[in-house]
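Chains as they are written, first to last, in the numbering used here: chain S, 1219 to 1321; chain R, 603 to 847.
None of these hints come from the bench; they were simulated from the model.
Take every hint as true, because none was put in to throw you off.
Straight-line alpha carbon distances no greater than 30 Å define the calculated DSSO-like cross-link-like pairs of lysine-lysine that follow:
| no. | chain 1 | residue 1 | chain 2 | residue 2 |
| --- | --- | --- | --- | --- |
| 1 | S | K1268 | S | K1237 |
| 2 | S | K1268 | R | K680 |
| 3 | S | K1233 | R | K784 |
| 4 | S | K1233 | S | K1268 |
| 5 | R | K672 | R | K685 |
| 6 | R | K685 | S | K1233 |
| 7 | S | K1268 | R | K692 |
| 8 | S | K1233 | R | K680 |
| 9 | R | K689 | S | K1268 |
| 10 | R | K692 | R | K821 |
| 11 | S | K1268 | R | K784 |
| 12 | S | K1233 | R | K689 |
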Amino acid sequence: MKKSKSPEASRAPFKVGDKVRVRDMPYMFYTRSQLYTRGAVGTIAALTYKDLIPEEEAFNFDGHVEQYYIVRFRQKDLWPGYPFDNDTLQTECPHRWLEPATN
Amino acid sequence: MSHTHTHGSPGDTHHKAAPMVEEITDYEVLEIAVRELAIEHGLFTAEDHRKFTEWAESIGPAAGSRLVAKAWTDPAYKALALKDGLKACKEVGVDWAEPTGVGTPSDYMEFHVLEDTPALHHVIVCTLCSCYPRPLLGMSPEWYRTTNYRRRLVRWPRQVLAEFGLILPPEVEVRVEDSNQKCRFMVMPMRPEGTGNWTEEQLAEIVTRDCMIGVALPKPGRTADVHPIQKARRPVKSSHQEAAQ
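Only chain S is shown next, with the shape it has when bound in the complex (with noise of 0.2 Å):
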């Protein structure tokens, strides 16, 4: 598992167009980012709103805000030998759950 390399809330927020990855994070019980795109590289689409982090919210807990972005994905990069060049699926994360990414 990756670590993380500073906190989430000092890192720049991502625009749109940007390439990132979605991270590997432990959590505990409750989370929202899909398992089927944890370590995939994907492109900002959008920037939606900012909003308390799912992680938290379900237990009632009025802790971090963070924007939220939906990301666009290559089905490509999510499954292997997916076998349609032009698909995508996109899917939302808030800013945690994103670290910047190269390719």
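Once you've looked at the hints, dock chain R against the given chain S.
Positioned in the frame of chain S, the structure of chain R alone reads:
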């Protein structure tokens, strides 16, 4: 003991109850418990709950159909729908902040309309549970909430669409929108050919729920989401059914 009636004797079909399975999940038990507590503590009344349930079950996808039909005929409205979905909903009579009229707000206030083009086809799913733009489209269909649809749509979208009868050429980009956070989505399909002089009302009729989920395309004459029911090849027969025949 005066009770002489015998059950289960041969030929006694009158008193045999129909086979029945009553199942309740842990979450349904939890919902009942939380609901009863909330009523007991005065957060809402049983009457409020009944009204809300009846409202939730009564709304259908009609407002969504009107939204798409209006966007097809009015470019300015289409631009609004793509830019500010909530504002566009208000113009077809749906206020996400006050959808019930009984003071219950929507759970989420982020709504995006996904525009299909000749090169791009959208389809929505929630892999997390059953997120769906309910204020606009009503309750989701039962199949939308099944794990079968949810897990297979993200992995095998074209195969799942084919099961709905929708086969798209490989050059069209199929984009799955997984609404697993707080945004809600609907699909704005392309206006089909052969509808040139149609009115908004006529157009709305062919924009069915399935078209706004993205598992079907609108076309003249298709005004309902009908999924064929295949007859079982080896139907199970119970003694109860035989007795009824």
